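Visitor: Chains as they are written, first to last, in our numbering: chain A, 1 to 364; chain B, 1 to 364; chain C, 1 to 364; chain D, 1 to 364.
If you're looking for bench data, these hints aren't it; they were derived computationally from the structure.
Treat the numbers as computed from the prediction; the structure is a model and nothing was measured.
Please note that a few of the clues may not be correct.
Which copy? The list can't say, so a pair holds if one copy fits it or any two copies do.
[What the hints assert, rightly or not] Below are the DSBU-like pairs computed for lysine-lysine, each with C-alpha atoms no more than 30 angstroms apart in a straight line:
| hint | residue 1 | residue 2 |
| --- | --- | --- |
| 1 | 152 | 316 |
| 2 | 356 | 152 |
| 3 | 316 | 356 |
| 4 | 316 | 202 |
Listed below are the residues making up each chain.
There are 4 protein chains.
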Amino acid sequence: MPNTFGHLFRITTWGESHGGGIGVVVDGCPPRLPLAVDEIQRELDRRRPGQSRLTTQRKESDRVEILSGILDGFTLGTPILLWVRNEDARPEAYEEMREIFRPSHADYTYQAKYGIRSWMGGGRASARETVGRVAGGAVAGQFLRRAFPSLKVVAYVSEIYGFLAPEATALLDETLVEANPLRWPDPDTLSEAIALVEDARKAGDSVGGVVTCRVQGMPAGLGEPVFDKLDADLAKAMLSIPAAKGFELGSGFAGTRLRGSQHNDPFYSEGGRIRTRTNRSGGIQGGISNGEEIFFRVALKPVATIALPQETVTEKGEPAILRARGRHDPCVLPRAVPIVEAMTRLVLADHALRQKAIGWEFRP
Amino acid sequence: MPNTFGHLFRITTWGESHGGGIGVVVDGCPPRLPLAVDEIQRELDRRRPGQSRLTTQRKESDRVEILSGILDGFTLGTPILLWVRNEDARPEAYEEMREIFRPSHADYTYQAKYGIRSWMGGGRASARETVGRVAGGAVAGQFLRRAFPSLKVVAYVSEIYGFLAPEATALLDETLVEANPLRWPDPDTLSEAIALVEDARKAGDSVGGVVTCRVQGMPAGLGEPVFDKLDADLAKAMLSIPAAKGFELGSGFAGTRLRGSQHNDPFYSEGGRIRTRTNRSGGIQGGISNGEEIFFRVALKPVATIALPQETVTEKGEPAILRARGRHDPCVLPRAVPIVEAMTRLVLADHALRQKAIGWEFRP
Amino acid sequence: MPNTFGHLFRITTWGESHGGGIGVVVDGCPPRLPLAVDEIQRELDRRRPGQSRLTTQRKESDRVEILSGILDGFTLGTPILLWVRNEDARPEAYEEMREIFRPSHADYTYQAKYGIRSWMGGGRASARETVGRVAGGAVAGQFLRRAFPSLKVVAYVSEIYGFLAPEATALLDETLVEANPLRWPDPDTLSEAIALVEDARKAGDSVGGVVTCRVQGMPAGLGEPVFDKLDADLAKAMLSIPAAKGFELGSGFAGTRLRGSQHNDPFYSEGGRIRTRTNRSGGIQGGISNGEEIFFRVALKPVATIALPQETVTEKGEPAILRARGRHDPCVLPRAVPIVEAMTRLVLADHALRQKAIGWEFRP
Amino acid sequence: MPNTFGHLFRITTWGESHGGGIGVVVDGCPPRLPLAVDEIQRELDRRRPGQSRLTTQRKESDRVEILSGILDGFTLGTPILLWVRNEDARPEAYEEMREIFRPSHADYTYQAKYGIRSWMGGGRASARETVGRVAGGAVAGQFLRRAFPSLKVVAYVSEIYGFLAPEATALLDETLVEANPLRWPDPDTLSEAIALVEDARKAGDSVGGVVTCRVQGMPAGLGEPVFDKLDADLAKAMLSIPAAKGFELGSGFAGTRLRGSQHNDPFYSEGGRIRTRTNRSGGIQGGISNGEEIFFRVALKPVATIALPQETVTEKGEPAILRARGRHDPCVLPRAVPIVEAMTRLVLADHALRQKAIGWEFRP
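Using the sequences plus the hints, can you model the full thing?
Guide: Written as structure tokens, this is what we have:
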């Protein structure tokens with residue numbers, strides 16, 4: 001199911017970077033859910049390019065249109081079609097990509113796989129494909145908020161070009177994150193972090209970093225025990241995001257340098273609820289949520305498109321030098337934040353439905 | 001599909017740690033494939049406990065039985081049922097787990113999810129569940145070897161309790177890895193690495209580490225472009241392994257500290273084949289294999305079961321001290337190696353079939 | 001997967017009868033396939049209402065738009081979004097349905113399932129939902145024609161209100177079928193058949209009947225042996241069509257009145273190809289095609305919407321008399337023909353890909 | 001997913017007619033369900049051959065073994081492995097099938113599909129494959145009985161070799177059905193019906209017929225609106241049963257000979273519940289249950305294996321005469337009854353879980 005994600009709450013995305021438009025079918029959303037279109041639009045606006053100098057200057061108004069699945073502001077339980085038109089496509093800016101493979105892009109691998117490719121702007125491999133994910137994730141988010149009123153999903157840029165943000169406090173303050181163009185959680189180090197992106201941009205180069213995502217208010221019991229572990233599905237969701245190269249839950253790679261006695265999370269009881277004193281597990285144990293904060297980190301490589309000349313080859317294998325002209329981000333991180341959140345919400349909504357499906361009471 | 005993995009080449013595992021047995025249904029394996037049972041057994045032997053002092057002393061002969069799907073040594077194209085009996089189950093050794101939640105195990109989360117659990121040995125959350133994966137992966141491996149004769153999949157322990165193995169040479173020498181109980185790739189540092197595990201064992205403690213997996217000889221074009229990216233499916237496969245906490249492909253988290261100009265892999269042409277000069281992509285670009293070596297790292301936390309006393313609670317939430325008595329591994333890493341390889345082979349076999357399915361030639 | 005059909009070649013339909021539009025995502029279509037949009041349009045035109053007095057007078061131009069998945073007339077291997085806008089929606093014509101359940105429609109069951117419904121024109125339960133199926137089936141048809149050049153899929157109305165068409169000759173002459181508004185295969189009895197529909201229309205009533213579908217030129221070996229039998233998937237496909245009440249393959253229900261010795265199809269050899277002398281199997285044995293003509297019949301009940309007054313209840317359960325005013329077909333059969341063909345093609349395309357996926361050659 | 005059935009409540013069957021055994025993995029069954037093994041055994045006994053002269057004399061004790069998924073008589077929510085060993089396999093009885101294709105069996109089509117086949121007893125195409133279905137259906141049945149206490153699923157032979165049983169009364173009396181070897185619902189016509197089978201048996205021939213299935217006590221709202229209609233899934237389930245050639249719901253093929261005004265089921269209100277005065281819909285409208293009795297008919301062709309000599313060909317296409325010697329049923333109908341019930345229960349259980357998954361309450 002190459003373009004479908006989720007088992008019960010599922011999205012199918014479609015659309016190339018350049019073409020009629022790009023969108024998503026959301027299938028499996030429960031009926032009678034009040035659905036606010038402006039909230040979907042708000043999420044798309046957060047993902048939209050051209051928000052600051054830190055990101056690509058491509059202009060897309062990205063106005064979402066809903067063609068099905070809602071009536072008088074409520075979901076019908078039927079497929080919801082959300083899409084935006086492609087507007088500011090300037091294929092001539094991509095003319096040099098017609099026959100040249102851009103290094104560390106998907107041009108060559110698409111050609112190897114399909115024997116044909118939409119060379120303008122990367123086709124499906126464009127970050128523009130994530131429009132459908134963000135729209136679908138916004139629907140999932142509205143479902144989750146109604147189903148689990150205390151749930152919060154907040155992502156932010158926690159590391160940029162090797163520079164780490166001070167560890168975030170327990171409190172998730174998304175307004176702080178949204179208040180700056182880098183979606184950086186710490187005002188004190190913000191200018192330093194932005195400077196790293198600016199330097200790269202001026203040099204015609206790009207930088208990578210890490211996005212951290214934190215989920216609070218999710219009850220225990222979500223996730224499947226073997227293959228569809230909640231963390232396994234999150235890992236897949238995150239690695240499916242363009243430019244993602246790594247995922248770690250809780251203590252992650254650093255946790256491998258501890259002993260079991262240092263790493264285990266002791267249980268205790270608090271107000272009738274079983275909790276853990278530490279949370280190196282990252283809120284998931286044996287693939288199933290334990291009610292603590294779920295948190296994980298996603299590694300995002302530096303954007304592949306840079307202004308600097310690069311060695312490459314043509315489709316025929318002849319040596320070539322690429323000098324990219326398209327409009328691109330020096331740093332994909334801030335725009336990745338709403339995408340990480342959207343994919344997280346889709347995973348949580350799917351597992352919420354799956355868990356509900358088996359919740360029957362039997363008398364012995 | 002909680003217990004099924006794969007879309008076309010798929011396995012469904014079943015069985016608790018303690019019960020009649022544990023096994024797998026392999027569905028979708030192409031017909032007419034010569035299938036050697038002793039090779040499946042060999043993989044199970046590699047996974048089996050009791051191989052050295054480094055791993056649990058639980059004795060399981062783990063003799064694989066095949067009940068269906070083959071005739072005269074060839075696959076029929078029908079489901080292959082592989083299983084092993086549970087033999088050395090001593091539930092009394094787990095008696096204390098009946099009412100006590102073991103820290104950083106899945107006891108509590110299973111209870112939260114299902115309201116019931118097989119408390120003996122962890123049920124499905126036991127590492128024993130991986131018997132089915134390894135058996136299924138061995139079938140996938142035999143398929144891959146016939147389909148792609150130059151394919152090699154080799155995993156090894158590359159880091160233990162923070163101690164890194166020297167970077168492996170280009171050549172994958174699995175005999176070197178198999179020659180020592182730690183599955184450590186470097187003879188010179190082997191004793192130092194083993195000492196770290198021994199120290200933990202003597203202290204009644206455990207250590208974690210990293211398994212690296214490398215795939216050579218896979219053609220370009222495998223993987224789906226959006227959600228079922230080859231690396232996304234590998235990430236899910238790896239995070240579904242018990243104790244896994246992280247995954248990184250190619251440059252991974254370290255690559256986020258580079259600029260695009262440093263990170264991109266330049267293309268060049270070699271003998272009519274398009275290749276990359278560096279391989280920070282880890283052999284996958286845009287979710288699709290590019291023909292270079294696929295390599296990734298998997299973080300595995302220290303084993304949760306330790307001999308040291310631990311703070312925890314009972315099912316009723318009362319404070320308790322756990323003093324585990326079951327037989328367990330001070331270090332899960334060496335036994336994780338064949339599991340990582342098995343899951344890798346399952347992902348590759350599945351994507352090989354998926355790619356074949358769309359390989360039609362049309363004349364314009 | 002309520003709105004998705006197919007495993008490898010798959011469609012996801014979306015859209016209500018009244019709303020922004022109605023359409024389909026076709027996912028899994030092989031790349032590099034020449035795709036003629038006018039052929040998709042032609043199939044939609046065949047399904048379109050208002051073609052004659054025999055069918056509803058609702059006017060829909062049903063111009064198909066393609067938003068993704070093709071470049072310069074070739075498929076990219078990525079999702080193909082096809083849709084048509086809803087134009088001639090007159091919700092006021094459905095005002096009486098707002099609170100009244102129409103007998104033998106899906107109004108009540110949708111309400112029971114979802115607790116909400118798009119009461120205008122039946123929402124997803126409207127025959128208009130089949131626009132997406134026909135568009136998707138037209139893509140499948142173009143794939144099949146290239147993959148199996150001698151393939152022919154032809155459906156026609158073989159029985160109307162109990163009046164049977166003379167048994168069709170071996171030759172499938174679709175022009176004959178298309179030449180009349182009833183899609184009746186026999187010119188001699190055509191006027192008699194049409195009169196049955198006309199009589200019902202004048203009486204404000206409706207009639208049902210049977211559509212026969214015949215597939216020639218499909219090679220042996222398609223279909224899965226157990227649950228996804230080719231005939232099982234065809235049965236599901238047909239019963240998923242609005243108003244369908246029955247399916248029979250080959251000898252069908254009549255074949256149950258024969259003995260085995262009368263029913264079995266003897267094998268013989270013809271020009272190196274194994275064939276059957278009779279074809280009571282309907283071209284499928286053990287769920288797998290045998291290379292003979294595949295043929296089956298689909299029972300379609302009389303259209304539920306009639307002009308005659310009917311006893312029913314309101315949403316609150318109060319007695320009511322329904323006098324429908326919407327524009328509807330006195331006989332759904334002719335418009336069902338292209339839908340039956342579309343669903344048939346979707347099943348065949350899916351199984352063609354599935355069979356290709358396992359077609360590997362191994363040397364012993 | 002060739003050997004898997006169901007979306008949430010799902011079974012995967014495995015095993016050839018001759019080999020180590022035959023069985024099923026039941027995945028997705030809710031946890032904490034009391035599961036009686038003897039009830040599973042009882043269903044298998046009903047399916048078992050050798051119950052009377054009407055069916056094959058092959059002796060199989062078919063003792064079910066459970067290897068996983070239950071603890072102390074309750075389901076764990078994990079996969080349940082059920083299987084029976086193959087005992088009375090006499091492959092020599094099938095020696096003549098090694099190179100000869102049996103008419104109207106799956107020998108030829110399996111060979112065409114896979115290029116290899118388990119020639120002994122038909123492999124997966126054997127009716128023995130249904131052991132897994134019946135075992136899985138028995139689990140589904142125990143779930144349904146707890147979830148919907150008033151639910152009843154009863155199938156019976158309603159037509160044999162063209163001879164119809166008198167229309168059954170409203171009351172489903174399964175003891176009446178089970179009291180005779182034909183599973184015939186009417187004592188008065190029983191001997192006449194049995195004589196038809198006996199005559200065929202003595203003539204070395206076989207007969208077909210129709211099984212009717214009736215479901216009472218299912219609430220309204222089950223089923224999906226488009227492709228996974230409840231009747232579409234039932235049709236697939238039934239056509240996946242060996243020898244099935246047709247399916248009709250409610251009025252079925254006969255209903256096509258009525259006008260809409262005669263066919264529609266008027267609604268009325270009874271004790272606060274909305275009901276229909278007639279039930280030509282067969283309990284399903286628009287793919288969703290309406291709370292009335294669900295009933296359908298399944299056409300089963302005469303058994304293909306007969307003692308009479310038959311014209312056929314060898315694998316090489318040479319003419320041959322088949323004189324079958326294996327032990328087979330002169331009439332598959334009575335043994336099909338528990339299989340029809342099992343598949344029905346699997347469909348209902350799956351849709352019950354699917355419906356539960358979307359049942360969320362939101363305040364506006």
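Visitor: Does each hint hold? Answer for all of them.
Guide: Hint-by-hint comparison with the structure:
no., hint, in the structure
1, 152 <-> 316, "between (50 angstroms within a copy, 28 angstroms between copies)"
2, 356 <-> 152, "both (20 angstroms within a copy, 25 angstroms between copies)"
3, 316 <-> 356, "between (54 angstroms within a copy, 24 angstroms between copies)"
4, 316 <-> 202, "neither (33 angstroms within a copy, 61 angstroms between copies)"
In summary, the structure is inconsistent with hint 4 from the numbered list given earlier, while agreeing with all the others.
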